[in-house]
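*Asks:* What follows is the residue order along each chain.
There are 2 protein chains.
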Amino acid sequence: MLPYDASLWCTDCPADEDRTQYFRGGSMALHLAHRMEKVKASAIREILKLTQEPDIISFAGGLPAVETFPAEDLVEVSTRVLKEHGEQALQYSPTEGYPPLRRLISERMNRRLGTTVSPEDVLVTSGSQQGLDLSAKVLIDPGDIILCESPTYLGAIGAFKAYEPRFVEVETDDNGMVPSDLENKLSTLENIRFIYVIPDFQNPSGRTWSLERRQAVMELVRRFEIPIIEDCPYSEVRFEGRHLPPLKSMEGSEWVIYLGTFSKVFCPGMRMAWLAASQPVLGKIILTKQGADLHTQTLGQMQLADYLEHFDLDANIERTIQLYRRRRDVMLEKMEEFFPSSVSWTHPEGGMFLWVSLPEGLDAYEILDECLKEKVAFVPGAPFFPNGGHENTLRMNYSASDSEKIAVGVERMAGVIRRAIENLDSGGERAAS
Amino acid sequence: MLPYDASLWCTDCPADEDRTQYFRGGSMALHLAHRMEKVKASAIREILKLTQEPDIISFAGGLPAVETFPAEDLVEVSTRVLKEHGEQALQYSPTEGYPPLRRLISERMNRRLGTTVSPEDVLVTSGSQQGLDLSAKVLIDPGDIILCESPTYLGAIGAFKAYEPRFVEVETDDNGMVPSDLENKLSTLENIRFIYVIPDFQNPSGRTWSLERRQAVMELVRRFEIPIIEDCPYSEVRFEGRHLPPLKSMEGSEWVIYLGTFSKVFCPGMRMAWLAASQPVLGKIILTKQGADLHTQTLGQMQLADYLEHFDLDANIERTIQLYRRRRDVMLEKMEEFFPSSVSWTHPEGGMFLWVSLPEGLDAYEILDECLKEKVAFVPGAPFFPNGGHENTLRMNYSASDSEKIAVGVERMAGVIRRAIENLDSGGERAAS
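As you go down the protein sequences, you meet chains A and B in turn.
The first sequence maps to residues 1 to 433 in our numbering.
The second sequence maps to residues 1 to 433 in our numbering.
Chain A extracted, bound-state conformation (with noise of 0.2 angstroms):
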């Protein structure tokens, strides 16, 4: 293999000394990997720090809401695995996952989803944030391209960012993905490597894929042989209307790399998920998960799969249905109340968020500085556009607040931006004058 060099297939990074960073002391140099010019600090992250303060009513994070989380049932999980399994539950286990688990998924997968999944096809990942990461490293090589969704999920953006790869951007309307712009990019751009959707309540605009689009873009999915990651964390938490097939169910499901996760249906903290695809990629993708982590923490995956096989999940679902359809039907009335006309929002039908369009020459970033003072935080909706812009957009979570907090935050918000509006227009008038 020769030297790598930059400069012969890189022409927007920095030369080499740039990426040298220094020790504390500042006398000693430690040269980066190339890789590590596109991995930045989340600006998410920054802002979650500040809405950490126990005041501040924030509908900044992405939190399931910790009532939801069975810690009672956990106890006498615990208990039992230790005691009937204890020497199987603290040793290494194979890097697929725990047998009887990759059984009760693909089950459970089938009966809900209409899947053809066997056993053989589930992967278990330490949360579907690994499930991104593998997949990249697997499919992407710098330079190449991944189509996704506009705005699209920032932590699948940091995840595929350490592989290098280009973003572009699929037109994406309330209806998902746009079958017309797909095709004409599929049509035209060389080094394509995947497609990656969130069909269901997408993180962070809210919005759902209806059947047609579905159809549409798998038909593309067939014709082009591409593969595509279809993002499934929320689709289980479905408030209202029928469940929609997944793309993992229809035909092409062999180009489907489908990621699922109990951390939005069961707890977060056990990074619990599973990654369903089919051969080859699903044993190259296995066989980086060996190099990356060698397995998934045994001792989670036989609570997981002792719970899963004595208490009833799909009534703990329910419970959470129950409880985030409260909340987002109070976000909505108060913004309904209390937003100004020239503000637009998304009706999620499930998940955790919902997305705001502010009056065009508003910056989102700006109103959280001003939000921050009145104790209410947000998420600025640009950093979930690879590419940039749409700097008046914004992302709300209404799955870890209470009612009254949501209706006291929604109020708060909406003057701070009832004051910026005004503004714009005094600015607008002044300059018109």
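Derived from the structure by calculation, the hints contain no laboratory data.
Any given hint could be a false lead.
Any copy will do: because identical chains look the same in the list, a pair fits if it lies in one copy or spans two.
[As the list claims (entries may be wrong)] The calculated lysine to aspartate or glutamate pairs, modelled on EDC-like cross-linking and capped at a C-alpha distance of 16 angstroms, are:
1. LYS334 x ASP181
2. LYS49 x GLU96
3. LYS83 x GLU67
4. LYS334 x GLU411
From a predicted model like this one, the values you see are computed outputs, not experimental measurements.
Since the structure of chain A is already known, use the hints to place chain B on it.
*Replies:* Below, chain B without anything else, positioned relative to chain A:
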């Protein structure tokens, strides 16, 4: 960024079409990332599958003894954590790690190892395997050089390969890496990004670096200002002799990325490990962990912290030492008794492995084939040399088998080796005649 063109920087890889793999059915092609040329199934994993039949005596794996796992104590720990802190234990948590655990780890390191690490220098990882992966992700571009011992840990080779480095083996003897050869390589090779070492009871060789070698290598680390990854999974499992200071406790410690783990002294199935490093490299590693899996399991971190506060880990380590020392003693005694005099092996002062050198001309893979027929297994040494060779070496594990099995297994191995040497000698005589 320009389109990726493998031909610009890599001459020893197949052309692009050879990296195209086929979905089941065979009609659909999938393009894989260039790195997947390097990421192969571990030869050892395949051997381990053969050795899982219950009647096989296996010295092949690297499993801690299940007798040392604190399953009973963990019932109490789990119940307390879930009852008292259930909501927190099941929620998302910071990428850096659970703050009390970071503090407990830094205090323990400083008390037992003579380091001066602060809680902010510690990142909790999902096993040390993740520490290996993230370190290479931050530091390695394709074609960069990693200096390592000869032989070195197979799992590290596997993690690093995904980032397409060149491995350069530094001469290694019974006292550790040879400083004159290390100096020669640091002086003459370009694009060396880090040195990777396992100074205590190395996997696979069982060797321990002398104090003088530690000092000499750290002198070179300071002079050449080169990061060094010090991987210490076994350091606390010392049977005899005095504890030697880790590189992380010596002058120049800011260049040391220290990997510690609870896998060998607590249990591996919980995947609890840590990485201690200075800024800026630690900050970059934390950022890449955020993209890779958000954070290590919250529940497991809180269970471990609770265990460290309520139970005596050092006493558990002492029991582990007693057990492994007995097993090592039996293995060494029986090798002395049964192995032919032309075979040599190491005498580890701790850890889980010893290393055998057969007469030149013997192939450990062929010996393994014969041994499997007699229901005893080990791992050939060749895969532990990133650049190949050394087919006459092999690794034996003594932690996972009881004394009776060790005695029987060693005697069976000795018989196979003796016959192979006889065949070699008679073959040599035939060739000479």
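*Asks:* If a hint holds in the structure, say so; if it doesn't, say that too.
*Replies:* Now for the hints, and whether the structure bears them out:
no. : hint            : in the structure
1   : LYS334 x ASP181 : neither (36 angstroms within a copy, 72 angstroms between copies)
2   : LYS49 x GLU96   : between (35 angstroms within a copy, 13 angstroms between copies)
3   : LYS83 x GLU67   : between (28 angstroms within a copy, 14 angstroms between copies)
4   : LYS334 x GLU411 : within (7 angstroms within a copy, 79 angstroms between copies)
Violation of the numbered hints given earlier is confined to hint 1; every other hint is satisfied by the structure.
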